[in-house]
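Trainee: Residue numbers (numbering that gives the first Met the number 0), protein chains in the order written: chain A, 0 to 452; chain B, 0 to 452.
Among the clues, some could well be false.
To be verified - Quick list of in silico lysine-lysine cross-link-like pairs, DSSO-like style, CA-CA up to 30 angstroms:
1) B:LYS229 x B:LYS158
2) A:LYS303 x B:LYS158
3) B:LYS181 x A:LYS229
4) A:LYS303 x A:LYS265
5) B:LYS146 x A:LYS71
6) A:LYS26 x B:LYS130
7) B:LYS308 x B:LYS229
8) B:LYS26 x A:LYS229
9) B:LYS369 x A:LYS158
10) B:LYS144 x B:LYS261
11) B:LYS144 x B:LYS232
12) B:LYS374 x A:LYS158
13) B:LYS158 x A:LYS374
14) B:LYS158 x A:LYS26
Stated by the list, open to error - Chain B is nowhere near these chain A residues, computed Cβ spacing over 12 angstroms in every case:
15) ASP20
16) GLU30
17) ASN34
18) VAL88
19) LEU138
20) LYS181
21) GLY210
22) GLU246
23) PRO355
24) GLY357
25) GLN399
26) GLY421
27) LEU435
28) ALA438
Calculated directly from the structure, the hints in this document are not laboratory data.
Keep in mind the model is a prediction, meaning the values are calculated, not measured.
The beta-carbon is built from N, C-alpha and C at its ideal position, and this holds for glycine as well.
As a plain string of letters, each chain reads:
Number of protein chains: 2
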Amino acid sequence: MKKLLLAFCLFATGARAQSTDSVTIRKIYNEILTNSPSYEWLRQLTQQIGPRLSGSAGAQKAVEWSKQLMEKEGFDRVFLQEVMVPHWVRGAKEVAYIQNGKQKITVPIAALGGSVATSPKGVEAQVIEVKSFQELRDLGAEKVKGKIVFFNRPMDPTKLNTFEAYGGAVEQRANGATEAGKLGAVGAIVRSMTTALDDNPHTGSMRYATGVPLIPTASISTNGAELLSKSLKTNANLTFYFKQSCESLPDAKSYNVVGEIKGSEKPDEIIVVGGHLDSWDIGQGAHDDGSGCVQSIDVLRTLKALGIKPKRTLRAVMFMNEENGLRGGVGYADYAKKNNEKHIAAVESDNGGFTPRGFGIVGTAEQRAKVMPWKPLLTPYGLSEIGAGSGGADIGPLAQLGTVLFGFKPDSQRYFDFHHTGIDRFEGVNKRELELGAASMAALVYLLDQHGL
Amino acid sequence: MKKLLLAFCLFATGARAQSTDSVTIRKIYNEILTNSPSYEWLRQLTQQIGPRLSGSAGAQKAVEWSKQLMEKEGFDRVFLQEVMVPHWVRGAKEVAYIQNGKQKITVPIAALGGSVATSPKGVEAQVIEVKSFQELRDLGAEKVKGKIVFFNRPMDPTKLNTFEAYGGAVEQRANGATEAGKLGAVGAIVRSMTTALDDNPHTGSMRYATGVPLIPTASISTNGAELLSKSLKTNANLTFYFKQSCESLPDAKSYNVVGEIKGSEKPDEIIVVGGHLDSWDIGQGAHDDGSGCVQSIDVLRTLKALGIKPKRTLRAVMFMNEENGLRGGVGYADYAKKNNEKHIAAVESDNGGFTPRGFGIVGTAEQRAKVMPWKPLLTPYGLSEIGAGSGGADIGPLAQLGTVLFGFKPDSQRYFDFHHTGIDRFEGVNKRELELGAASMAALVYLLDQHGL
Numbered sequence: 000m001k002k003l004l005l006a007f008c009l010f011a012t013g014a015r016a017q018s019t020d021s022v023t024i025r026k027i028y029n030e031i032l033t034n035s036p037s038y039e040w041l042r043q044l045t046q047q048i049g050p051r052l053s054g055s056a057g058a059q060k061a062v063e064w065s066k067q068l069m070e071k072e073g074f075d076r077v078f079l080q081e082v083m084v085p086h087w088v089r090g091a092k093e094v095a096y097i098q099n100g101k102q103k104i105t106v107p108i109a110a111l112g113g114s115v116a117t118s119p120k121g122v123e124a125q126v127i128e129v130k131s132f133q134e135l136r137d138l139g140a141e142k143v144k145g146k147i148v149f150f151n152r153p154m155d156p157t158k159l160n161t162f163e164a165y166g167g168a169v170e171q172r173a174n175g176a177t178e179a180g181k182l183g184a185v186g187a188i189v190r191s192m193t194t195a196l197d198d199n200p201h202t203g204s205m206r207y208a209t210g211v212p213l214i215p216t217a218s219i220s221t222n223g224a225e226l227l228s229k230s231l232k233t234n235a236n237l238t239f240y241f242k243q244s245c246e247s248l249p250d251a252k253s254y255n256v257v258g259e260i261k262g263s264e265k266p267d268e269i270i271v272v273g274g275h276l277d278s279w280d281i282g283q284g285a286h287d288d289g290s291g292c293v294q295s296i297d298v299l300r301t302l303k304a305l306g307i308k309p310k311r312t313l314r315a316v317m318f319m320n321e322e323n324g325l326r327g328g329v330g331y332a333d334y335a336k337k338n339n340e341k342h343i344a345a346v347e348s349d350n351g352g353f354t355p356r357g358f359g360i361v362g363t364a365e366q367r368a369k370v371m372p373w374k375p376l377l378t379p380y381g382l383s384e385i386g387a388g389s390g391g392a393d394i395g396p397l398a399q400l401g402t403v404l405f406g407f408k409p410d411s412q413r414y415f416d417f418h419h420t421g422i423d424r425f426e427g428v429n430k431r432e433l434e435l436g437a438a439s440m441a442a443l444v445y446l447l448d449q450h451g452l
Numbered sequence: 000m001k002k003l004l005l006a007f008c009l010f011a012t013g014a015r016a017q018s019t020d021s022v023t024i025r026k027i028y029n030e031i032l033t034n035s036p037s038y039e040w041l042r043q044l045t046q047q048i049g050p051r052l053s054g055s056a057g058a059q060k061a062v063e064w065s066k067q068l069m070e071k072e073g074f075d076r077v078f079l080q081e082v083m084v085p086h087w088v089r090g091a092k093e094v095a096y097i098q099n100g101k102q103k104i105t106v107p108i109a110a111l112g113g114s115v116a117t118s119p120k121g122v123e124a125q126v127i128e129v130k131s132f133q134e135l136r137d138l139g140a141e142k143v144k145g146k147i148v149f150f151n152r153p154m155d156p157t158k159l160n161t162f163e164a165y166g167g168a169v170e171q172r173a174n175g176a177t178e179a180g181k182l183g184a185v186g187a188i189v190r191s192m193t194t195a196l197d198d199n200p201h202t203g204s205m206r207y208a209t210g211v212p213l214i215p216t217a218s219i220s221t222n223g224a225e226l227l228s229k230s231l232k233t234n235a236n237l238t239f240y241f242k243q244s245c246e247s248l249p250d251a252k253s254y255n256v257v258g259e260i261k262g263s264e265k266p267d268e269i270i271v272v273g274g275h276l277d278s279w280d281i282g283q284g285a286h287d288d289g290s291g292c293v294q295s296i297d298v299l300r301t302l303k304a305l306g307i308k309p310k311r312t313l314r315a316v317m318f319m320n321e322e323n324g325l326r327g328g329v330g331y332a333d334y335a336k337k338n339n340e341k342h343i344a345a346v347e348s349d350n351g352g353f354t355p356r357g358f359g360i361v362g363t364a365e366q367r368a369k370v371m372p373w374k375p376l377l378t379p380y381g382l383s384e385i386g387a388g389s390g391g392a393d394i395g396p397l398a399q400l401g402t403v404l405f406g407f408k409p410d411s412q413r414y415f416d417f418h419h420t421g422i423d424r425f426e427g428v429n430k431r432e433l434e435l436g437a438a439s440m441a442a443l444v445y446l447l448d449q450h451g452l
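Please construct the entire structure, taking both the sequences and the accompanying hints into account.
Mentor: And the structure:
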């Protein structure tokens, strides 16, 4: 009978907790859908500051802006964490064309981040089109030497999750120049990472393996890629010309920006919610990742506005340099380790400001099992996909400290229309969708704070 | 032992069916995500034909275009069903301004479909702002007579499903003029049906109750509504002026357009998939409801392309006049009844061409229970919301014949940014999202055809 009574008491307590949580989560959504300034913040970050590639003046302005914003919001502590970041600059706008007999057709390209420049006159050569590294290797140095390699494997449109399709194609961008350089190619042109057919080249980071010739590499828009491929079928001897003036300058000083609300009961247990402040240089970094930044700040603002005093310490972290180095993410984990900070959980939003679908979790089965009872609290808000998955690049290095990682999962269908392009601008983000993302993250952070992990 | 064996056989058969279904559904998605012409069809319907209000030349062109398209796709039978439709025309572009002392501020309005015109000189009067019909009635005729009533209750932004928020506000548009006219008002201005703050007035249908004075009514953009409300707070005596030249012409002849693939085993059991061909006159009717039309035709095209011979008869129906009369939907059900046709199920897409979330079902608990075993086949494609819900306006009248109705549910967050406005254009629809909708509907129609109801 005692056991039964105990069981009943536990059940009743559990049910009461769920009911309190459910009421609070409703309040969180109401507050954000009614009063959130996140969309206006995003306008400031994207339209007033604009592109924010690591080492740029825009990145520095964004550091100052987010620091001032969190100070104005009255968080308990706002501080900077210094990190040295790569400083790559694009230089003059790239030029590229297909020379097909007497016909010269201009196509849109964008130098890949980290690439070397062409010679000032540009490079022109015949083109070898391949769909995979294996196909390239099978051709061998004899056929590749002196040519421009054209990596044209599209993202698989049949993958429902576009990030999976991206994962299946992005090695061409990251390592294409290395693979082509090994075989004596003079340049590498990569089909843009999107399933859309349009005229927007998608930039993004690449790296050279050590000991391999550094050849220039750029992405070409998907329409440009289709045209080049079609043209090659009728004239295998056509040439491709491109010119780019990008260069890597010495590393620059920059910062993660951290806003904190101190925990009232367990201040030593830290919960991070963040996005990355840097963005590629050719757009405004609205979905990638201005959205994640303003959502993260809005999480803390919202709990404060509702008078919720967190038990644990909450931090909104604006990471620097996710796009081409991850120095901010690595630096943040280093600081945490050095200061013996205990990060129980970290939530990142870096998949766009679209309608929320759920969260991916990186943790042990036991840790995931602790989260599962919260599902009924979140599914009414469209968060049906909660389970093992991806966290986020910036919070990734915290995993080694035992932190459980949560990757915010919005709808993925439109993300690669914008990703790393000139059209990743404020206008592409929908106010309600952005706010629902902030509310989803606030609800999760609230539950993490209340119940721990 | 015999029973056990039977149970095992049934289980094995069930499992095999599920496995076959799962393979076919994967093929349906692959076909559509790789080869669907639906986006190009939508371009033709929205950009080449354009607006298609009932009775207009655009509506007639759309009838011919969709008939020819389905004939070209080689459906077994394509035919027209005549319906007489209301024929309302907007006339010259509306003019409206707030006269606040000496300040005259132009605001964007759109006459509501079915409204009468103002006098040729327009109407100008003081303004009474209300949030509800009750508030208006409490004011009484004395305070309302000779005034323009301004209905300014916003859609509730805290509703997760925006259609619910719409449902909570739309009576102002539908019946505002009647309620205001009863009390002697000279006009009714209604806040646009959207949670967004912008300059796009949202038109839509309204109706006058019999015996009530017919006063002109228009919607005002949400920014315009905010401005008017704010101005009234500082000057309750300001006046509002508007002029519109719309009129209702005699009913016009039009058509539903039906494309059919004959069933191979049970040709007398009919499954309908449809959208509505008509649209409001101020945009291109892209989300509302060009998307539903091209998706429905794509369902039949896809099954045909995959060599799937349906057991039952499948019909893609382009309904006419959903927006301001529902004559097509009513007419279709009348034809079905007159010809003793047995419609087992009808699927409608009229909630926009956004990422699919599920289907609402209108049917008995037993009928819904037959659908539930299909959920595991559909959730991998993001269709997690399957259950009792709304069907669709056009298929609604089929319910009286015992037809089970399915309303396609895409993500609702952006729909009311576009609904009934000048920006409901081709550019607002995303190719992948449109295609995923078509694939969701094709998967459901395939299951309905295979297993019946």
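Trainee: Hint by hint, which ones does the structure fall short of?
Mentor: 3, 5, 7, 10, 16, 17, 23, 24, 27 and 28
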